[in-house]
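Guided by the hints, dock chain D onto chain V, whose structure is given.
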Amino acid sequence: MDHAGILQKLSAYLDGVVTPREKALIEEHLQTCEECRTALSELERTVSRLRDLGDVEPPPWLTQRVMARVREEAAQEKGWLRRLFVPLRWKLPMEVAALVFLTVTSYLVYKEVSPELDLEVARTRVAPVSPAPPPASVRKQEKPMGEVSRPAKKEAPAGVPGERFHGPGKEEPAATIGGKAGQKRETGAPEPMPSAPVARSATGSLQKGAPVPSPMEDRAPVFKEEQAQPQGFTADQDYRVEKKMKRAIPKRMQEGAGYAPPPPSAAKDSESAAPALRSKSIAPAGTGQLRLVIKVADRASAVREVERLAELSSAKLVRKGSRGGKGSVVVRLDRKDLQEFLDRLDWIGEVHGKSAVSSLELGVVEVAIDVTAEP
Amino acid sequence: MIEGKPDTVINEDSVLVSDCRKGNVDAFEALVRKYQGKVFSLAFRVLGDYEDASEVAQDAFVAAWRGLGGFRGNAAFSTWLTTITVNQARNRLQQTRTRRHREPYSLDEPVKLCDGCVESDPPSDGPSAHEQLEREEVRERVQSCINGLETGFREVLVLRDVEGFSYGEIGTMLRMNDGTVKSRLSRAREAIRDCLKKIVGDF
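These protein sequence lines map, in sequence, to chains V and D. Under our numbering, think of the first position of the first sequence as -12, with each following residue one higher. Under our numbering, think of the first position of the second sequence as -7, with each following residue one higher.
Bound-form chain V, shown alone (with noise of 0.2 Å):
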């Protein structure tokens, strides 16, 4: 070890803590080497004064501090696991206020989506009535339907507040369809879509034999109304409903042209169902009634025509159908819009029956327009 070594080592050495063969080395260069023993002693003096610094007097206030500050927090650590694994006293009525709230809200939406399966239901009621139409002419009603229904569907939109699923919802039954995809979304996208399976029925039915389906417009003030009564209509009797639809619809959307078969068994469905389901369709109390007949040349043309007119006019198809040879068609709307709708109903044919209106009172009239082609 040279000189500068050695000035190195004289902090070690002076703890004890170099080699016994570097503290030989060491102590044999100190006795000859000035400058390292009077290094030596300064650095002894100053390690003095260091430990001479001594402890130093902390604040008499600062134990007081730490604990109050540590049995805040041993504090917290237990409210917090309390709060955790014994929250009974906060939690169940929060829970409890949580599930109240949400079956309220759930049969509050339910509530406000079951009528519109009855116009599902209505509409379906229709389409096995009609006879099953062949391919051609299907596509040929389904012109007319693209065309009515275009209007309907601009105005859609602001008409019905319970429409929920609208566009790709309903677009997508119709590309499940196929080939009539196009049209099939012109008309189903405006309509209100209760819940999907329903919709997919509902726009299957219209493809099969509803050769024009029913604008929103048409459905939403009814549903309108009949929110507004107390209502007939359970949940259970809801479900029942749709449990009914979801059986016979699937059928019907294979009686569609072009595609399987009905099965005969399917028009009994839904008419088993009808007559069920009929009695839930029924007028709100106070509501007008007028009975008219139209002479017409082609009945059913006409009743088409009928119903493109009542959605021109803010009607609501209520049904359809046929009795007797005659075609029927029942429409709602409110009595302001009736006159016009009656001047429509004249490009028609002969129109019988309108005497009647003078007696009709502001509100809502239920129009039972019968087709015929008698002379």
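The set of hints was computed from the structure by calculation and includes no laboratory data. Possibly wrong hints are sitting among the right ones.
As the list claims (entries may be wrong) - Non-contacting residues of chain D with respect to chain V, defined by C-beta distances greater than 12 Å in every case (computed): (1) N3; (2) N16; (3) S33; (4) S46; (5) Q86; (6) T88; (7) E142; (8) S178.
Said to hold, decoys possible - Calculated cross-link-like contacts (lysine-lysine; reagent style DSBU-like; alpha-carbon spacing at most 35 Å): (9) K14(D) to K78(V); (10) K30(D) to K189(D); (11) K65(V) to K78(V); (12) K341(V) to K323(V); (13) K78(V) to K98(V); (14) K189(D) to K10(V); (15) K282(V) to K323(V); (16) K282(V) to K341(V); (17) K65(V) to K189(D); (18) K190(D) to K10(V); (19) K14(D) to K30(D); (20) K30(D) to K65(V); (21) K323(V) to K313(V); (22) K282(V) to K98(V); (23) K190(D) to K30(D); (24) K190(D) to K65(V); (25) K313(V) to K341(V); (26) K30(D) to K10(V); (27) K26(D) to K14(D); (28) K282(V) to K313(V).
Said to hold, decoys possible - One side only, chain D facing chain V, incomplete, derived with CB under 8 Å: (29) V17; (30) L60; (31) G61; (32) G65; (33) R131; (34) M168; (35) T172; (36) K174; (37) L177; (38) R181; (39) R185.
By construction, the Cβ of each residue, glycine as well, lies at the ideal position given by its N, Cα and C atoms.
The following block gives chain D in isolation, referenced to the frame of chain V:
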């Protein structure tokens, strides 16, 4: 903190520590009272500031309380507590350094450490008041020399020459190998020596 702690001290601490871990806050208070002097002194020597040291000492104890769950007792509680204190002090130094410019020791006037704080004297044969004052002033100057050291050197120096920890303990606490401790200590002492030559007469 003295080297080679008697076993009784260690046993005492173990009991208190295990009580603390059960959530006994009073047991922790006993530990605080026992070590507050050492913790505070260490903090003060490293930081060179009374207020900073007060805060760091509190923080160190609170950190110890929080960390008791993880303290396995493989080291003495006092060593563990010292490590926490050093770390807290270091953090504080790094914070304050960015805030205020570290002033080197003044050659003309010593840095006033605090108002009214008392440094306890090591045992002596009863110095006069004048001597007392002198000693205190010398201490203040020594402290100001320490304040001039860089953190890494400061810590080693204080732990070794002020607090009396062994090279091995220092290596553990500061996570340094033996060689690093030796070389840092050597350089730190030289720096203090040079500083003292300048500001403490009759060195």
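Outcome of the hint check:
no., hint, verdict
1, N3, "holds (23 Å)"
2, N16, "violated (9 Å)"
3, S33, "violated (4 Å)"
4, S46, "violated (5 Å)"
5, Q86, "holds (22 Å)"
6, T88, "holds (18 Å)"
7, E142, "holds (17 Å)"
8, S178, "violated (4 Å)"
9, K14(D) to K78(V), "holds (28 Å)"
10, K30(D) to K189(D), "holds (28 Å)"
11, K65(V) to K78(V), "holds (17 Å)"
12, K341(V) to K323(V), "holds (15 Å)"
13, K78(V) to K98(V), "holds (30 Å)"
14, K189(D) to K10(V), "holds (27 Å)"
15, K282(V) to K323(V), "holds (25 Å)"
16, K282(V) to K341(V), "holds (13 Å)"
17, K65(V) to K189(D), "violated (56 Å)"
18, K190(D) to K10(V), "holds (31 Å)"
19, K14(D) to K30(D), "holds (25 Å)"
20, K30(D) to K65(V), "holds (31 Å)"
21, K323(V) to K313(V), "holds (27 Å)"
22, K282(V) to K98(V), "violated (41 Å)"
23, K190(D) to K30(D), "holds (29 Å)"
24, K190(D) to K65(V), "violated (57 Å)"
25, K313(V) to K341(V), "holds (18 Å)"
26, K30(D) to K10(V), "holds (33 Å)"
27, K26(D) to K14(D), "holds (19 Å)"
28, K282(V) to K313(V), "holds (10 Å)"
29, V17, "holds (5 Å)"
30, L60, "violated (10 Å)"
31, G61, "violated (11 Å)"
32, G65, "violated (19 Å)"
33, R131, "holds (6 Å)"
34, M168, "violated (14 Å)"
35, T172, "violated (12 Å)"
36, K174, "holds (5 Å)"
37, L177, "holds (6 Å)"
38, R181, "holds (5 Å)"
39, R185, "holds (4 Å)"
Of the numbered hints stated above, those contradicted by the structure are hints 2, 3, 4, 8, 17, 22, 24, 30, 31, 32, 34, 35, listed in ascending order.
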